[in-house]
Amino acid sequence: MSRIICSAAIRGAHKIVDMAEEKYEEALKKYGPEKEVAFPNTAYFLPIIYSMLGAKVQTLGDMKDIFQECRKLLPPLVTDSLWLPYLAPALDSGMATFFAEEMFEAIRYLDAPEFYTKTEDPTASNIWLGAADDVIFRKRGVEFVDGTAPGFAAIMGSPADKEMASKIALELQEKNLYIFMHDQTNGISMPEQLVANGVQIGWNTRLVPFGKSYTTAVFAIGFACRVAMAFGGIKPGDYHGNLIYNKDRTFAFVMAFGEVSDEWYANAAGAINWGFPTISDWDIPQVLPTGICTYEHVVSKVPHEEIVQKAIEVRGLKVNVTKIDIPMSFGPAFEGERVRKDDLFMECGGGRTPGVEVLISKDMSEVEDGLVTIEGPDIKDIEQGHNLPLAILVEVAGREMQSDFEPILERQFHHLINYIQGIMHMGQRNIMWIRIGKGAVEKGLSFTHIGKVLHGKLHQEFGAIIDKIQVKLYTTPEKVAEVMELAKHTYASRDERLGSMTDETEEIFYSCTLCQSFAPSHVCVITPERVGMCGAYNWLDGKASFQINPTGPNQPIQKGECTDPMNGYFTGINEFVQQASRGAVPQVSCYSLMNDPMTACGCFEAIAAMLPQANGVMFVNRDYMGMTPSGMKFTTLAGMAGGGAQTPGFMGVSKHYITSPKLLLAEGGLKRVVWLPKMLKDELADKLRQRCKDLGMPELFDMIATEEQGTTEEEILAFLKEKGHPALTMETAV
Amino acid sequence: MAVKRNGCEGCTDITCASSKQVLAQDIAKGVKTAYDRIKARGMSACLFGSGGTCCRNCNMGPCQIIDGVEEMIGVCGATADTVAARNFARIIASGSAAHTDHAREMVRGFLETAKGHGPHQIKDVKKLMSLAEVFGIATEGREVKDVAIELGEKALAEFGKQDNTPISMLKRAVPKRQAIWNKLGIAPRGIDREIVEMMHRTHMGVDQDYENIMLQGSRCALSDGWGASMLSTELTDIMFGTPVPRRAIVDLGSLKPDQVNICVHGHEPLLAEALCIAAQESDMLEMAKSQGAKGINLVGVCCTGNEILMRRGIPVAAGFVQQEIVLSTGAVEAMIGDVQCIMQSVVEVAKNFHTEIITTNYRAKMAGAKHIQFEEEEALKSAKSILAHAIKNYKKRGKFFIPKEEKLDVVVGFSHETINYMLGGSFRASYRPLNDNIINGRIRGVAAIVGCDNFKLDDDVHEIIARELIKNNILVLATGCAATSLGRAGLLNPAAIKYCGASLREVCEAVGMPPVLHMGSCVDNSRILIAATQMVKQGGLGDDISDLPAIGTAPLWMSEKAVAIGQYFVASGAQVVFQDLPTSGAKKFNKYLLEGLMGPMGAHWNVAKEPLEIARLMIEAIEAKREALGINKKKERVLFDMEMRRDLGGNKAIGDAGCTGATHHA
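Protein sequence lines correspond, in order, to chains A and B. Our numbering numbers the first residue of the first sequence as 1 and each following residue consecutively. Our numbering numbers the first residue of the second sequence as 1 and each following residue consecutively.
Looking at chain A on its own, in the form it has when it is part of the complex:
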């Protein structure tokens, strides 16, 4: 019965708060109250405390108030008879547990900075990654937003053996869930089991070893809190909004292996506040009545064979998985998996051999649906280390198919092929590169499986526009060369068509509300010359998506009359946005940072920010972790640009937009750009140089500062003056 659970949870919470407070007192003596504390590279402070209480814990001294809050929340222990209602006190003590654990872990970062790797993947000497920084969080958060990851399993402890651990991990991966791993059972942790069984762990395979003590459960819960704040527009301190957001949208649950300690109970009780139930393999009481979680709160004694199925049922998650008939596992969880040197069986493309992939549309009569052929040797015919040239020619036909959709379909190859466990795909077109692992070969991989995957998944996702798909694979040099010629010709005509498309040539733009499951109050406007800020959706994607699903997230917007070509005001867009935001956003400019800038969900690739002193604009990309001349890091800027509000001077953009001819026309375009992180400038170098040349200022490229010139406005101002940057003499932008 649940009295046992609540009693244990409250006991556990007392122990945890005591322990954390003791640690805090020690730290206070050692470092003093002014000592800064933080989780690595995040703008969300200690995210649970920040999201629930609105309190920013920045120094050790800040923790004092939070410990007082913990003490207020901690109830007396449950009595054996004549007990008072214990559910609510247990939930409160679970919350106190998380506050205490976050502070405990923050002090750990102070005491032992190298305790966690702070990387995406384990290192040779340490498997424990610690809290996700904002770079990882935003990258992965996008998958929560677009639905590729419906939630996560927070695992406590480990199953009986490494085989079962691997099986459970694989099943969870196949449900597209993230697997956050904590603590151990009988001295063995689950990540150790997985590594011992040759399973690749880390953020890339969604198998995330957070930490070896139960206190790291806060890294999982804190991730959920940040998702609500970054993408859901939930304000810090709006605890109710955050908890309900997660209950409704983040399909997470706790999976506990082995005997349940008081401390685990305390953590489980905390998680229930978020609507995350606990599924245990141990013989503990159950809490089946519903209400805080969507369905049951605690389900126990579940055999390992059924635990994943049971968990998703209890959480109320429906996973639509199409079965692709190949001998390897398949799904988004394997997209980031790598094939390392030691695992490598063979490679195609990537400079080793010629490699090309192309999709072309044909007449209905020319395509035989489901046909997958291979000409030349297959994998079974070669030895390890023997690389082959490879051409993948996909021919499609459909009554609704247009040649404009070819590049969109072709762009799917990358993630679809990556979805196959044991295969790694990089690049695209004729610079594609496939690495095949030994594991996949052992399971009987054939090139034809790639064909089956492309056939099955393209049908599934684009069934509304294509009726027939055939896949031809070639591994002989002659045939590959032949396809290469065909492909180059196709690319050339495509690029020409795309290049000639501008905001003036098209009458219809597209909205994008794909992120609505996570960012309910934001709407993107995608134009031919302004790609969606996530970088993943261009105008053609919008068009194709609308064709595929006429009531879907991409709707056509008649752009209407252009009332201001510099700011990019269009009557049709304003009408649409006003109505779609219920009047919250009355007008939106397409080309301005200062006047009615476009709102953002939180999954932007980069942020534009005004630098008043330099009279210019800077951009910073998500992966750049350093300081910027705005005085803020990306993570802090993201808080200003996201959340669905219009904040003049801050805007989320795609990297692609930085090289668009329509870049911030109202502020003077590329000539206003004064600073980019070096990594971004390098990435965009070719296109940027071209744009500078087009503007008649080829020297502009070298006038744009990076962190090498400085990370404060003063520093870069000196550089800009020296170079004579045009922004300095432009009219003031603020």
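Calculated from the structure, these hints are not laboratory results. The model shown is predicted, which means the values in this text are computed figures rather than measured ones. Hints should not be assumed to be uniformly reliable.
[What the hints assert, rightly or not] Result set (DSS-like, lysine-lysine): computed pairs, CA atoms no more than 25 Å apart in a straight line:
#1 B:K126 x A:K72
#2 A:K235 x B:K126
#3 A:K662 x A:K693
#4 B:K633 x A:K318
#5 B:K635 x A:K318
#6 A:K72 x B:K123
#7 B:K126 x A:K310
#8 A:K72 x B:K127
#9 A:K318 x B:K634
#10 B:K634 x A:K310
Dock chain B against chain A, hints included.
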């Protein structure tokens, strides 16, 4: 006269073990209780009075009316239906008046407290602010004191309000119910005014249409439920603290052999609270010691007992029917009363012992009792002088008997706020789990057992009904003397879940609550209105109280207040069951109450005599509501995919922009 102490032939039994033990003692031999008097009276109740057809409203009669006999209508021509309706309406008016006058004292006490006078403080600031919002009082950046004074003044103005706009707290009701009131024209305007109008309309020769009379009957009752009673509950909470779960004991065994035992009897907690504070002061404790007592043991009787039980965990020694029996222990130094439900017989009972009966309110004096006026302006001083009187009496105590084994552990304090918190904690507080488990059928519905106890039926009626309800997985809310009685039956103890049906038990276990929740005194039935409204607002159970699988009963009603409560429940959309109504002599009017009110109100009165019959009627009514809501159908578990998640949580901010059916193809 030899009285059979276990009731009498043809009348009711005392089943309560402690009551029986006390009455069996030699020291209680000379005590005459209500049980004895029922037998001694030797006649049954007047049929015209019982049926509601005796009219004394003018001096042409009194007229006894016999429905259907042409010659037996009133001298003025008033029919049985008119007479019964007028009498019934006057019961409502009297009951409402009792709550109203009680509430007025509480509001006045609140205003004094807000101004910083007297021993009390504003204890629940959060509740103050939320109630201020209901009254349209600005709170931002203002001192607690200023908000409280404004609230007190506005609340006091509700009583004497003369314009035709509705009283303030009506807007807490669900919109559909407010619309019904407005359509019928029965939204109360001023609390006192509705009682006055009720008395006027039932004067000779005014309102002589029973349906029209009952419209004002409803308005008068609503001015009690959503006006007087609610003001009293809410302001008392703000001043003395909103009840939270706490342990306590009930029954006669809460008297202490070596302490000064003082019974606080009546209804208005202002006196009781002052006594509680005074009893902890060192000078009072010193005085008790000097008299040879180890301390001062305050215990409650009747509803004032429920008030201090809920807020302070002070034991309730006796419900209404035990007020003579608690004195029969010989262990009570003083019984201190204020207003309502104090039987005149206590003076006679006390004469057998050293016990003093002290009246404290100028409105409520009794021959033979000592009167010490409780002065609110000097509450503590006043309370101390009353206490001193009792303490000095300790030495006079003679033989006494306290039934030691008979005290029952209870968990009390289930205010609306407590229920909201206990179902989800500080961060997820809501009625969602309650609604969810009603929808999924673990809890079939909610029943309120409220009101008095009396001598017409056995004293275990509440218990029998409650046991039957919880066995059938119905959660029980209790107030007033009914709650005390259920406490004596052991049902306010969380261990009582063993008497529940399996699925209710599961929910009670999950929350850690008893299957019967004590929500306070009889004036606190307004908490049930708020709780029911909250259930509707939480969603999934219809859009009015009349849709909820919920029903109330006052099976042993005695006081006119119970009828006022019953009528405000019905007018708020909740069904009620009483064991009888004084309307049975008027066929059409009786039928109107038992069926006809369904039309305008969506709820009606019910009558059932036997406890199990009452329970069955309640269970059937709840099941019928479940059927109507369509929640009795077996439902498959809904699993959510991406598209469904996108539609969750009512986030329709981007209405027509298209937000379903996306396909990921990044």
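Consistency of the hints with the structure:
1. B:K126 x A:K72: holds, 17 Å
2. A:K235 x B:K126: Cα-Cα ~22 Å, so holds.
3. A:K662 x A:K693: Within the cut-off at roughly 15 Å; holds.
4. B:K633 x A:K318: Within the cut-off at roughly 23 Å; holds.
5. B:K635 x A:K318: holds, 17 Å
6. A:K72 x B:K123: holds, 17 Å
7. B:K126 x A:K310: violated, 42 Å
8. A:K72 x B:K127: holds, 19 Å
9. A:K318 x B:K634: holds, 20 Å
10. B:K634 x A:K310: holds, 21 Å
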